[in-house]
Amino acid sequence: MTKLTVKDFASDLDVRWCPGCGDYAVLKALQKTLADGGSTLEDTLVVSGIGCSSRLPYYMATYGFHSIHGRAPTLATGAKLANPDLDVWVVTGDGDGLSIGGNHLLHVLRRNVDLQVVLFNNQIYGLTKGQFSPTSKQGTKSPSSPGGSVETGLNPCVYALGAGGQFVARCIDTQAKVLQPVLEAAQAFKGTGFVEVLQNCVIYNDGIFDGLKDKKTGPDHTLHVEHGKPMVFGVNRDKGLRVAKSGFGLEVVTLGDGLKEEDLLVHDEKNVHLAQALAALGENDGEPVVIGVLYRHGKHEFVEGARHGLPKTPLSRDEKLNRLNATLRTAETWRVE
Amino acid sequence: MTKLTVKDFASDLDVRWCPGCGDYAVLKALQKTLADGGSTLEDTLVVSGIGCSSRLPYYMATYGFHSIHGRAPTLATGAKLANPDLDVWVVTGDGDGLSIGGNHLLHVLRRNVDLQVVLFNNQIYGLTKGQFSPTSKQGTKSPSSPGGSVETGLNPCVYALGAGGQFVARCIDTQAKVLQPVLEAAQAFKGTGFVEVLQNCVIYNDGIFDGLKDKKTGPDHTLHVEHGKPMVFGVNRDKGLRVAKSGFGLEVVTLGDGLKEEDLLVHDEKNVHLAQALAALGENDGEPVVIGVLYRHGKHEFVEGARHGLPKTPLSRDEKLNRLNATLRTAETWRVE
Amino acid sequence: MHETSQEATALADLPVSQTPEVDFVRIRIAGDSGDGIQLTGSRLAESAARFGNDIATFPDFPADIRAPSGTIYGVSAYSLNIGETEVLTFGDVSDALVALNPAALKKYIGELKIGGLLIIDSSSFTERALEKAGYAADPRADGTLSDFRLLPIDITELTTAALRESGVSTKDAKRCKNMWTLGLIHWLFEREIDGVESWLKDKFANKPEIAEANLLALRAGHMYGEVAELPAEISRYHIAPAPLRSGEYRTINGNEAMAYGLYAGATLADLDAFYGSYPITPASPLLHTFAKLKELGALSFQAEDEIAAIGSAIGASYAGHLGITGSSGPGIALKTEALGLAVATELPLIVVNVQRGGPSTGLPTKTEQSDLFQAVFGRNGDTPIPVIAASHPGDCFDVAVEAVKIATKHMTPIFILSDGYIANAAAPWRLPDLGEGDYAPFPVTKATDPDGFLPFKHDPETLARPWAVPGTPGLMHRIGGLEREEGRGNISYDGDNHQRMTEIRAAKLDAIARDLPPQTVDSGGTSGKLALVGWGSSWGPIRVATRRAILKGKPVSHVHLRHIWPLPPNLKALLEGFDEIVVPEMNNGQLATLLRAELGRPVPGVSCVKGRPFLVREITDIINDVIGG
Amino acid sequence: MHETSQEATALADLPVSQTPEVDFVRIRIAGDSGDGIQLTGSRLAESAARFGNDIATFPDFPADIRAPSGTIYGVSAYSLNIGETEVLTFGDVSDALVALNPAALKKYIGELKIGGLLIIDSSSFTERALEKAGYAADPRADGTLSDFRLLPIDITELTTAALRESGVSTKDAKRCKNMWTLGLIHWLFEREIDGVESWLKDKFANKPEIAEANLLALRAGHMYGEVAELPAEISRYHIAPAPLRSGEYRTINGNEAMAYGLYAGATLADLDAFYGSYPITPASPLLHTFAKLKELGALSFQAEDEIAAIGSAIGASYAGHLGITGSSGPGIALKTEALGLAVATELPLIVVNVQRGGPSTGLPTKTEQSDLFQAVFGRNGDTPIPVIAASHPGDCFDVAVEAVKIATKHMTPIFILSDGYIANAAAPWRLPDLGEGDYAPFPVTKATDPDGFLPFKHDPETLARPWAVPGTPGLMHRIGGLEREEGRGNISYDGDNHQRMTEIRAAKLDAIARDLPPQTVDSGGTSGKLALVGWGSSWGPIRVATRRAILKGKPVSHVHLRHIWPLPPNLKALLEGFDEIVVPEMNNGQLATLLRAELGRPVPGVSCVKGRPFLVREITDIINDVIGG
Ligand SMILES: Cc1ncc(C[n+]2csc(CCOP(=O)(O)OP(=O)(O)O)c2C)c(N)n1
Ligand SMILES: Cc1ncc(C[n+]2csc(CCOP(=O)(O)OP(=O)(O)O)c2C)c(N)n1
Ligand code: SF4
Ligand code: SF4
Ligand SMILES: [Mg+2]
Ligand SMILES: [Mg+2]
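Residue numbers (UniProt numbering), protein chains in the order written: chain Y, 1 to 337; chain G, 1 to 337; chain W, 1 to 629; chain R, 1 to 629.
Don't read these hints as lab results, they were simulated from the structure.
Please read these numbers as outputs of a predicted model, since none were measured by experiment.
Do not take every clue at face value.
Capping the alpha-carbon separation at 35 Å, the derived lysine-lysine pairs in DSBU-like fashion look like this [what the hints assert, rightly or not]:
{"id": "1", "chain 1": "G", "residue 1": "Lys190", "chain 2": "Y", "residue 2": "Lys129"}
{"id": "2", "chain 1": "R", "residue 1": "Lys294", "chain 2": "W", "residue 2": "Lys529"}
{"id": "3", "chain 1": "Y", "residue 1": "Lys137", "chain 2": "W", "residue 2": "Lys203"}
Calculated Cβ distances over 12 Å to all of chain Y for the following chain G residues [as the list claims (entries may be wrong)]:
{"id": "4", "residue": "Thr40"}
{"id": "5", "residue": "Leu212"}
{"id": "6", "residue": "Glu261"}
{"id": "7", "residue": "Glu262"}
{"id": "8", "residue": "Asn271"}
{"id": "9", "residue": "Ala277"}
{"id": "10", "residue": "Gly305"}
{"id": "11", "residue": "Thr313"}
{"id": "12", "residue": "Asn322"}
{"id": "13", "residue": "Ala326"}
{"id": "14", "residue": "Glu337"}
Beta carbons are placed, not taken as given, at the ideal position from N, Cα and C, and that holds for glycine.
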């Protein structure tokens, strides 16, 4: 079979997001990841909830299920349990995955089901016309918060780690250079690969990530971590992270004045506490937003365990009926003549 | 008014938990906390979901609402928003609060609503007769997991921190010496006071915390943290915690051989990353289970913010109608004669 | 309560059109969703209403936030019926269509009547645009449009020309073409533009250049009608004011009216309103409107999901507020477990369902009335909840007030059914005299006296239990979802008690029924050959069709139900006066099924589930089928 | 399918009792929930069934996990009817009551018939125990019990005495008193104890001392009957075997039968079963049973909540398994949104509702049939789902198989209604001949051919769409909850398509109806003065009462519905043969309402919501009311 191209992964439906929406770039990155990785159309299943982002399955030429609001992880879990050979992707948004669907996200991560969750975080409810979401910055003015939202915005990666997520990553919609390898890594991971994508909503929350994406100044505000590499960032690659003296804290330092790259903290994607700290960065001035794979730790995949104990080879109908007959007779039986 | 006694806080219903159930001790501790703190019956509201633990409100002489499975935080939030003068307690279990109710727990913590959540963690579904719960240890045999449960047990305090909880504590059912002050602190905290209580279910999961509770050897397996105090534990108070060299890790050390209490890590309840590490301890041999207040940080209480903008003093009916009349007329109006 | 329903009949005073050709004009404006169609339409509606016409509107926009421009599915339209008689529906066909691009033309030309006026923006008829709209050939050239009075105008160009001197960018100038169009339409209807002008100044108070540009465009469009030598067959529409009941008016849509009505109801009950909700189309504007009522003392809470929304509302009710929650079908589905709790704990609670097309996500932006079964029957257990339905935008206000009255008087949750059509449609609305007459206060008494206090003792007449609010000394009690002992309210597993409590819950609905105003006939006599029984937003088309038929001497009446559950006790007797009854509804026969069960006679239904209200002619067909054309 | 319902009528061969005094004995064993009552009762049931009697049981235990000992609410009871005729109900009153403590006596003495045998454990009648039970005076002394044949025995003491030599602790010895009691009852019924003996050896295989202690107690109790000089009025019961249809039998309760039936159905359809659920009383044992079928290839998944449970089942169905989910009322409420999705996506899905008392948490451990409205109507939108109901434990198996057949043949979700009574009650069950006759395979064909594949093209007869499973090359397609274009399945907002799809969804139920076996009469003629129309677990009492009335020559019949929705097409015609119909049901009139809507005639209902099945005499009263005593 010839390898499929990006185009092969596109369905024949017109893509119907707003012109300029960040979703386009993520769709493309996903299609490219699948094509490059040699995925087949028939073994790929994309399940989503409801939201602008959750329309994505319609634009894929694979199998797809546009389910109901917040519940995609549950359908995905059932499908994967039934057929572990499927490559299952869950596409969700900050509303779909963290507001109504926060519980299922928790449990799919905790169980570590072998599938990928791509959470489009535009910090707003797009499809319902712009209400603030659980990830919106405090003070966000929206139709439902005309005076500014009161709640603290949730950090999806911090939440995913708290929920026991074993693969936690963050990317930016238009930075395919980071996004694609991360999607690939998530796919390769045996367990739930959780990828938060910072995604621009041109209509209701335009430009909130501009600072991070700016070709010129963006590098001063983002840090791309890679396992085993020192945590250096900045336009001039002159900034980095170190562990605070007390432990359990990160500080931004500027290189030079005797401080060299070797003195910086090296990323260890197996240290969950470090990952928690990295995930939390970016809230205060001067802190970079960390992208890349924050945490990866391959323990206890669920589906394998849950299927353990099933017959090694599928039973025929007759074998099943025979076993059922035997099971029914584990209780005492008697004959009436 | 004379101060109420513990007895005054008990309703006249017979308490109907199994003899020996850990719930009795927690009920008593709560009643004592309220009595000692000078609470009144009429201003106290206890809201629960469904489960053995969630029967607690019936045994309180205060106002109480035994609601539906997993939803107690939502009712509590509504009641507190409507009447911020109420002292609101949410009583939940590991199934009620973390299985079906995980999403509401997330959001009440994220919002930091000024109420207390007491989560009875017996690592099992008691009321429905013993199925494994989201906090059950992997491998737990139960009616629904005859071959042993497959999933990794969730750590409630780690989850609460990931959800943005600002007050996170852990206690043991029968250790009133720790439990009561923690309940008191949770009540005093302006925001959501989350308290996990390790609770023994004598019927379906008996003895899982015996190692921690054992009068003799328990101190070797638990560490009671207090803000500003060094992290020392052990029957002979000869063990303690230090930050791992790499940062973002804790190691258990034995005092002596030149290692003194002063060399140990001092608890800082404002360091969320430390709290995350402390909360996670206990999974591996030799690590203590940490009890006490792991994290406390008083930012952004929700109710106050959400009520900001309401009229300073309650409006009379006529004032309200006048304002409504004015609002209706912010649109263009015209007269037909 | 009787009086409230007079509101609706007040409108009955408006005459029926006997000469539709001159009494009303149905115009549809359509273009790209980026063209500002909804704004243009609603301003025109406003002007017409201000002038004193009766109006009915139907905003119809794509499900997508911003559909790609130029596509058919990206077309946004606003239909408006302007009359000197009662109109109520937006019209089966339009008399005039303004198509701002080829896609709009393609989508709506089929609904323009033969000989109708067709205005198109010629500038937009580029080859690429024609292709996007799916036109193989230019419809202007191939005779496709020969049945209509075509008026092609270079609107885009005329607009930019008018703004050339103003200094705004071409892009901004182009965005003013809707105002140019609005100016022209105002001219067509012999309306002055001063109302739009002051609205523009107000709206863009902070952006004076934008205001100026829009004003220029508006005036240019208006002027164009005046000075351009339009073909002789383009005549202006002369629609005199309708003889509306005297009073102060504004336009309002159903969602606004509902939110204001709920606030008004709470206030008249001496309660603070608490609105807990989770966004969902088409109910979200309720949340948005409530959020703006904060200065008036209303609390609103955007919950994490629909379960949390109703949970918070129940909690607020327990704490003494009027708990309200609102959603649409799929969101209501999530609330059904908690609704059982509200019934069990006998707390007042208002649940608004702004219905949309189902099942499942269905047609989220389209209207339907298919959640009636869910409202009446959709719960586990014997769990009765009263259901009441609004039939037009202004009625949402009255229904809301009445719902609060029922919920608080009987201590019960109650469903209000609205739908996507009336939620979004604007209609003229006579402002209510709050505090008086139909809107007299009905203050609620909460329990305060510990003496003999029993949380589950029921008032023999209303079947209400006392409302004892946390914070009240001496009334401490526990409530919950487990069956409660009658009186004391403690948990009870006793079989006889459960039977009694089940009967009490059922009797509560009987008590509500006893209290209902008798069902009246909306139009027509109290007996005859045929009664059309409707509910909710089908009111408009049924009423229009029935009144026209009556004018023609047909023995048909229109009976419209506000109270779906319990039904008005006299309904059965009333309907016995008719040989036949037919229920037209925008679902697959739900009220018809309910009535069959309750009336003990055949109740045929006619179903329309096409994402839009009934057309008048569809109702007329029913009448003709039964009575003969 | 026709044949399956023959199973039920096969039982009809059992004779009706004409002399209840000698044909069956109703015994109730009651004591503290710690006393092992449920075990004792079910062993007795097993012995009776093995002996060849017909039996009916009613386990009734407290909602609490371990209620405080000695209290009334802590009493656990097991009622058993043992007959040589058909019994089907556990009995309105008991012929014998074994009360192991004063609380048990207090709670159940009212249901012991005058002159009935009353065995009490005297050792437990301490002052403190009497007080806890609420006795002011010792009932043994004050004449309270004079209407009964009282047999006081120091059971506790006799048990410990019997075990004195065995070496077990006194505490352990006391725990054997249920076995002592069981031994005595076996003697009373002229039954040998060898069955119990081998069961005990098996159960305590790993704890030989405990096995030995229990055996000693059992034998001692049995021996006691033999050797103690019991008063003359204590006679043994002589109940001959019932003339059951020949075959291999076991006892089974409804939950077990349901799980096995679902697995069997999936297997006969050539599908793997997937059971996704969240624990809830009384449905949890379905999950427990499925978990044990893993070696047979069944997957079970304990989800985080009911929504996740149904979500996982829908996902599994999409992936080609037979998705099944089960719960009870409040949990079903949470599934209703997802049920809409299953209807929209037209996937096979089985939803089992083991009903309990509502509303809300209600009476979780008590039975009720009050979720019928929820099953038939409880969704937003026009969202038809077929509903089928099981009437006794063994019937759960057959109903499950039939449900799988319907769901896969028509590509639809389907509801199965069971309830807490039949879920827990044990009955003798003739083991099915799997693979043959009624249980012949009905293999499902999944789509594999890309040629002309259209995911939403419907079979004209069954209205099924093709089941195309991810992993199949060339059939890639997208499904979801937004309305789908007929045929291709793409999102469609088109009004006419929506109307058509709504009609297709409705037509699917018509297709199912066409396929149903005609409704038959359970007992009695096909016409007469009165038909009692029942459904679900009310089958037993209605059948017993009707058959007795028929024996007395009354013109009454019993029509029992398995298919609630759609109703069998011939039902209306069948019932026209009866002057009157009455629907007795354990809810406040739900089927009665449905039938009123569908039959177009008055359908009175008789309601019993007391947390227990109807008593035979309550049904007899209905018959007498209508026909005359
Ligand atoms: C049960 C239910 N509740 C509410 C909705 C309405 N709804 C659809 S999408 C959405 C939020 C989407 O936000 P997000 O997941 O962030 O997606 P985005 O549109 O921003 O990509 C809501 C509230 C729904 N469809 N179903
Ligand atoms: C909607 C719903 N689903 C399921 C149940 C059944 N149920 C009651 S309590 C419970 C679990 C309780 O576990 P936990 O919260 O740990 O409480 P515990 O009994 O262990 O104290 C479940 C599944 C229910 N009552 N309602
Ligand atoms: S509303 Fe925002 S998120 Fe939705 S499609 Fe438009 S730009 Fe994208
Ligand atoms: S089952 Fe367990 S948790 Fe429940 S009351 Fe008994 S001991 Fe306590
Ligand atoms: Mg979003
Ligand atoms: Mg528990």
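Against the structure, the hints:
| no. | hint | verdict |
| --- | --- | --- |
| 1 | Lys190/G x Lys129/Y | 33 Å, holds |
| 2 | Lys294/R x Lys529/W | 65 Å, violated |
| 3 | Lys137/Y x Lys203/W | 27 Å, holds |
| 4 | Thr40 | 29 Å, holds |
| 5 | Leu212 | 22 Å, holds |
| 6 | Glu261 | 17 Å, holds |
| 7 | Glu262 | 15 Å, holds |
| 8 | Asn271 | 5 Å, violated |
| 9 | Ala277 | 5 Å, violated |
| 10 | Gly305 | 4 Å, violated |
| 11 | Thr313 | 19 Å, holds |
| 12 | Asn322 | 21 Å, holds |
| 13 | Ala326 | 17 Å, holds |
| 14 | Glu337 | 36 Å, holds |
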